[in-house]
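Participant: Residue numbers (numbering that gives the first Met the number 0), protein chains in the order written: chain E, 0 to 534; chain L, 0 to 190.
Everything labelled a hint here was simulated from the structure, so no lab data went into it. A hint or two may mislead.
[Unchecked claim] Taking CB as the label site, the calculated pair distances span: (1) S67/L x L53/E: 21 to 27 Å; (2) S147/L x E34/E: 34 to 40 Å; (3) Q449/E x G70/L: 46 to 52 Å.
Quick caveat, the model's predicted, so the values are computed rather than measured. Glycine included, every Cβ here is placed at the ideal spot set by N, Cα and C.
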Amino acid sequence: MKKSPAEDKKGQSVEDIFRSGFAGKETPPPSRIWENVDRELELHELHRYKKQALWYRSIAAAFLLLLLSAGVILWQQNTGLTGQGSSLASEQVKAGESLPADFKGAKSNAGLASSSPKNQEPAEQREPVSEPFSGNKPQNEDRQIASAARSTSQTVYASERVSAEARRTFSAPASTSGMAQQSTVTDEAAGIERTKKGEKAVMSQDEVGKPFSRELANSYAISRILSAKGDSLADAPKKSIMVQKETEASTLAQAQPANEPAKKGVGQEDFYRWSVTMAYSPQYSYAPVKIGNSSPMTEDVSLAQPQTYQQYKQAVEEYNDSYKPAYSYSASVGASYRINEKWQIESGVMYTQTEATTTHSYLIYGGGATAANMPGNFYSGAANRSTPLVANVLQTDASAQPLYVSPTDQYSTRYKYQQIGLPVRVAYRLNMKKAYALISGGINMNVLVQNSIMPETDQVQAIRYGLNDKDSPFRTMQWATSTSIGLGYDVTRKMSILVAPEFVYSLSPMVRENQQQANPYQLGVNIGGRWRLTK
Amino acid sequence: MKILKSKDPTEEDLIKRAIAGKREAQHLLYQKYAGKMLAVSKRYARTDFEAEDILQDSFVKVFLYLKSFKGDCPLEFWIKRIVINTSLKHQRSNRHLMVTEHEEEWDEASEQDGIDSQIGYEELLQLVRELPPRYQAVFNLYAIEGFSHKEIGEMLDITESTSKSQYSRARASLRQALLRLNQQYHEKVSG
């Protein structure tokens with residue numbers, strides 16, 4: 000810093016007096032100032048932890064929301080496509096017939112189905128000897144003669160005969176109104192045929208050839224809808240060969256989709272819906288239980304025993320700093336149900352074992368433990384063993400007990416958390432020939448069944464908390480979100496393997512007392528197999 | 000991980016550990032500088048309680064922003080600057096005692112006062128605290144910390160000439176007070 004102009008002057012100026020009077024002056028601050036600073040810093044850290052936790056939660060929630068939204072959209076699209084493909088396939092079957100010339104001409108302008116040359120080609124091949132169509136003669140008259148010698152796949156066209164009749168009858172309006180209307184008309188005509196079998200039993204060729212009114216067609220269509228048993232072949236009287244063949248043709252027409260999966264419902268039928276899944280996932284698990292310096296115990300101790308307070312703080316700091324995740328893993332067995340070709344739901348049972356270690360240079364007596372554990376107490380049944388720091392501090396009655404801290408040789412403490420969980424996940428599958436990508440997200444509901452704190456020294460006693468242990472400072476029920484993206488490979492038709500990195504983020508801290516605890520998270524790699532069971 | 004147990008950890012080590020959030024290192028740094036900084040804050044505060052508040056706020060800022068310390072000056076200077084800024088902020092927020100800014104010539108010739116002072120620290124501190132707040136700040140910044148009037152103007156958001164004017168008034172006031180105390184002291188000694 001610059002010198003004041005006064006410094007160059009001789010004699011005792013005002014500046015000289017004050018500068019020399021204040022020079023090098025120190026005033027020892029009261030101890031409460033540091034305590035306040037300490038508390039303020041802890042509050043800042045807590046605030047930072049909360050902000051981080053909020054950020055992680057927001058990311059997890061956004062991801063899940065995105066996944067669900069994308070799932071709903073894709074699912075709807077898939078459903079729509081499947082339905083559309085099905086109707087188009089049936090339309091193509093009908094349109095594949097050789098139609099009256101005038102209808103063909105009209106239909107070629109009408110819509111998608113009629114414009115397919117593939118569907119028109121077989122019709123020409125199948126009618127090599129057919130006579131030229133006339134406007135008054137239904138196409139199926141010729142085919143009825145030839146169809147007796149044809150394979151069953153050809154007999155399907157018998158049902159189209161009536162469709163053609165209907166088309167001819169309604170040819171003027173139907174041919175100009177597009178695919179949808181045309182499809183409706185042909186469906187109605189097919190319905191008429193099936194319904195007629197039950198009602199009139201026999202229809203002569205002349206009758207077939209005759210145009211019938213729209214009202215009649217409508218009444219047939221309604222009766223088709225009402226009588227679900229209209230397709231029953233047993234009721235069809237065998238009064239003529241033609242009618243019998245019509246009946247057979249109708250049956251085959253309905254059975255055809257099963258024989259030709261490529262045309263209809265491929266996505267719905269060509270995969271196994273139920274699978275058994277098994278997975279093992281080695282994990283990096285970060286689940287520290289931090290101890291704050293602002294524990295109620297420390298305030299009492301700091302006032303009464305400053306040295307003990309300092310040692311206790313060092314013990315706490317050493318504990319917090321030395322947290323080190325050890326080898327952790329999860330294993331799961333479950334079932335997967337494929338909703339459609341791309342989406343599936345998975346659930347099952349998952350066992351998770353999380354381990355970590357800390358190092359210590361102090362022994363803590365008293366606090367949450369009983370005074371009987373203090374050294375020198377001859378009545379101690381615990382052979383003068385101290386209690387683990389974290390268990391001591393997190394005891395609810397910790398502040399009510401006296402505290403004794405003793406330095407010792409450094410030792411490690413191992414923590415083991417064993418959880419059984421119920422994962423529920425939604426997965427999206429992208430097929431790539433035999434390989435596939437699987438993106439999944441969901442919720443894990445975990446129950447802490449056992450928690451062990453095992454110091455690697457005889458001076459400190461091990462502690463084990465069981466399921467629903469009232470003394471346990473740890474939460475029994477914990478919720479977590481999980482997200483994974485992986486690659487799978489279909490080894491056989493019924494078995495596939497999957498490798499999927501997974502991120503699991505707990506929605507709550509490990510301990511019940513929420514004192515500046517970070518929420519645990521796990522990073523793992525799922526290695527698993529799937530065995531398909533049933534379609 | 001080992002607990003910091005060495006007798007004399009270097010300041011650099013302490014700074015690194017304090018930046019990493021190690022409370023023990025932060026406490027050691029606090030213990031090293033808190034006494035000096037409390038003396039600084041007392042000069043800017045009106046009471047000891049206010050000085051302690053300033054010290055507390057200053058050290059919270061020190062540890063929150065320690066990572067921005069680049070080491071281009073001694074840490075003590077850096078902390079002292081934080082304490083001074085915090086003091087000025089306290090002054091702005093807690094008081095609205097803006098003195099009328101008379102811009103008058105600053106008479107440098109009157110610097111040599113020839114006062115034979117026997118006045119102690121507490122009395123000097125009391126004299127400075129009795130100044131109006133803005134005068135107090137300007138006097139401390141110029142006479143004790145050694146800032147120029149231009150720098151003081153920027154720090155207090157006043158003009159350079161206003162800083163000179165306020166300093167002149169503060170100085171005149173303190174000079175009179177010193178002379179009065181000096182006279183009382185001599186009367187006491189001779190009497």
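Participant: Compare the structure with each hint and give your call.
Facilitator: Quick rundown of the hints versus the structure:
1. S67/L x L53/E: 21 to 27 Å: At roughly 25 Å between Cβ atoms, L53/E and S67/L fall inside 21 to 27 Å, so the hint holds.
2. S147/L x E34/E: 34 to 40 Å: Given range 34 to 40 Å: holds, Cβ gap about 39 Å.
3. Q449/E x G70/L: 46 to 52 Å: holds, 50 Å
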